[in-house]
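We have chain A; now place chain B onto it with these hints.
Each chain, written out:
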Amino acid sequence: MTSVRKSQLNRRPWLSTILLYLGVAMMLFPFVWMILSSFKTKADVYAYPPRWIPSTWSWDNYQKVFDTIPFLRYYWNSIFTSVVQTFLQVALSITAGYALTRIEFPGSGLYRRLMQSSMFVPAVVTMIPLYLTVASLRLIDTYAGIILPQIETAFLTMLLMSFFASIPDDLVDSANIDGCGYYRVLTNVIVPNSSGAIATATLFAFLGNWKSYTWPLIITNNTYYRTLPIGMKYLVQESSSEYQVMMAASVMAILPILITFMFTEKQLVRSVTLTGMK
Amino acid sequence: MSLSARKIQIGRKTYRLNAVLVGWSLLLPSLAFMIFIFVIPLVQVISLSFSNFSMITGTGANIGLRNYRYLLNNDRFWNAMFNTVKYAAFKLTVDTTLALLIAVMLDRNIPGKRFLRASYFSPVVVPVVASSLIWIWFYDPSVGPFNQILSFLGLPTSRWLYHENTALLSILIFSVWKGVGYNMILFLSGLQNIPDSYLEAARMDGATEMKVFFKIKLPLLRPITSFIIMMGVINSFKVFTEINVMTPDGGPLGSTTLIVNYIYDQAFTSGRMGRASAAALLLFVVIFLLTELQRAINAKKHVDLV
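Top to bottom, those sequences are chains A and B. Under this note's numbering, residues 1 to 278 are what the first sequence spells out, in order. Under this note's numbering, residues 1 to 306 are what the second sequence spells out, in order.
Since the hints were made in silico from the structure, they are not lab data. Warning: the hint list may mix true and false statements.
Claimed, not checked - List of simulated lysine-lysine pairs, DSBU-like, C-alpha gap at most 35 angstroms:
(1) B:K211 - B:K178
(2) B:K7 - B:K113
(3) B:K113 - B:K211
(4) B:K13 - B:K86
(5) B:K215 - B:K178
(6) B:K86 - B:K215
(7) A:K266 - B:K211
(8) A:K266 - B:K178
(9) B:K86 - B:K211
(10) B:K13 - B:K113
(11) B:K113 - B:K178
(12) B:K13 - A:K266
(13) B:K7 - B:K86
(14) A:K64 - B:K178
(15) B:K113 - A:K266
(16) A:K64 - A:K42
(17) B:K7 - B:K215
(18) B:K178 - A:K42
(19) A:K266 - B:K238
Said to hold, decoys possible - To be clear about the criterion: a stretch of chain B counts as covered by chain A if any three or more of its residues have a C-beta under 8 angstroms from a C-beta of chain A, and this derived list gives those stretches:
(20) 82 to 88
(21) 97 to 106
(22) 137 to 144
Note that the coordinates shown come from a computational prediction; the quantities given were computed from them, not determined experimentally. Ideal Cβ placement from N, Cα and C applies to all residues, glycine included.
In isolation and in its complexed conformation, chain A is listed as follows (with noise of 0.2 angstroms):
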């Protein structure tokens, strides 16, 4: 018995090895693609037989994506709101994921059936009136204007009363003998031994963030409002399709989100694994 054993962990699947490799060499190499032109020249893009390799590094199409579009602007209007948002949003679902797990009180569960039923309805059924409201209250081009539409929290909320839940009574209890009133217990026992939850629902919360497209696009039209994704949408015809210039500004900013990815790649999974969560 254990030979068959050692014999099923000693033995490498090497075809499987060997498609797996050839596959992530497919997933991997757009990214590749990405870096290695954006150093090329306008003559390297339209070279025939096509250049893999740019036949000299420049950082002039870098260059050029400050000359052609506010680059700079977008990337600040994007860290701004995107940090505003996913603060507000784990705020608010930490103190509402603390009340609906750890205190008793009526009405709590109305809210809670209010919560699942609000993910089940797609953004774009209350994106429409959302629009009109938004443009009735003079916030089209204005941050509050991108920002307050997209605080939802339900997801982070139920997220979090997971993690709520499972933390001991015991430590509450000696907390309230210790005199701790609801918010001390929220303070001093809940936040302390979930930050690990808070942290990967913080990254989760900012990555959606920093990808979102639909509601930026319809509530900016200023350029000086655009997000980093609406600006770079813009840019394929404001760089007349050269292709160099997009994939620069495709590196700036796909690295920062593939770096922080590289760093927080386990929790990230997990949290995938334990939520079904995107």
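Here is chain B on its own, set in the frame of chain A:
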């Protein structure tokens, strides 16, 4: 008697007054957002869908069911619905099969497993617009690497995003690249949760790997598979970004116009807020029915098992 010990009775239950006050004060900010960005718009969209409200004139009147009647008899609306169904069917089949295949292979003694897992997952975290730009170049008929490789190999080239027969397929290939790692992760965690003893017992009895997969792994993965299929269908009905970036005008002959793109066009290009609201509600009905159907199927399977 201190405030915190005072009780109040609501309905049949008694609550501590302090708990009620604290609970509501903590929930209030979330509730306010929920009301302003979900409850009120949901009521408004229903009433909008019965009006001919136009963004251009800024006015509208009640026109009853006319928007719905228009949409249900409109070719462009049905074209968008049909495209979405095609998209969902292709995406589900290819994406789910590939994700399962990769997960099964990764769930073995593979060198560099963590690197592989992270690499397959990486397109998921990257902003869609940025990766779409790369693929727009890939699909360029003259200077795109796809056609260059095809013509180098002496194979026929394609017009990819610029021909009505291949445009939606091109976007689907991109979507599979972008999304396969996500489902792969879900399958992989499911496979890792299968107790080794089940698999070993079957192998002891002489079952081939093929048999182990079909008789043990696949049935045990069923909850995950049905979750992936359900989310896949729902998400296919929400696709917007890659279409809007790669084919901003809806593709050749409207071949890449999915339902959300149709709604966006009606609302924000033509300014027909009433008609767009009706289309959005029809989309919601479709998604609702699909989730209910999925739930019913799952419930039935459950009964069968018991």
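Status of each hint after checking the structure:
1. B:K211 - B:K178: Measuring from Cα to Cα gives roughly 31 angstroms; hence the hint holds.
2. B:K7 - B:K113: violated (58 angstroms)
3. B:K113 - B:K211: Roughly 24 angstroms between the alpha carbons, so the hint for K113 of chain B and K211 of chain B holds.
4. B:K13 - B:K86: violated (52 angstroms)
5. B:K215 - B:K178: holds (30 angstroms)
6. B:K86 - B:K215: holds (31 angstroms)
7. A:K266 - B:K211: Given pair K266 of chain A, K211 of chain B holds - Cα atoms ~32 angstroms apart, limit 35 angstroms.
8. A:K266 - B:K178: holds (19 angstroms)
9. B:K86 - B:K211: holds (32 angstroms)
10. B:K13 - B:K113: violated (54 angstroms)
11. B:K113 - B:K178: holds (20 angstroms)
12. B:K13 - A:K266: Violated. K13 of chain B to K266 of chain A sits at ~44 angstroms, over the 35 angstroms cutoff.
13. B:K7 - B:K86: violated (59 angstroms)
14. A:K64 - B:K178: holds (28 angstroms)
15. B:K113 - A:K266: Within the cut-off at roughly 13 angstroms; holds.
16. A:K64 - A:K42: Holds: K64 of chain A and K42 of chain A sit about 12 angstroms apart, inside 35 angstroms.
17. B:K7 - B:K215: violated (58 angstroms)
18. B:K178 - A:K42: holds (28 angstroms)
19. A:K266 - B:K238: Within the cut-off at roughly 28 angstroms; holds.
20. 82 to 88: violated (count 0)
21. 97 to 106: holds (count 3)
22. 137 to 144: Holds: 4 residues of the region 137 to 144 of chain B have a Cβ under 8 angstroms from chain A.
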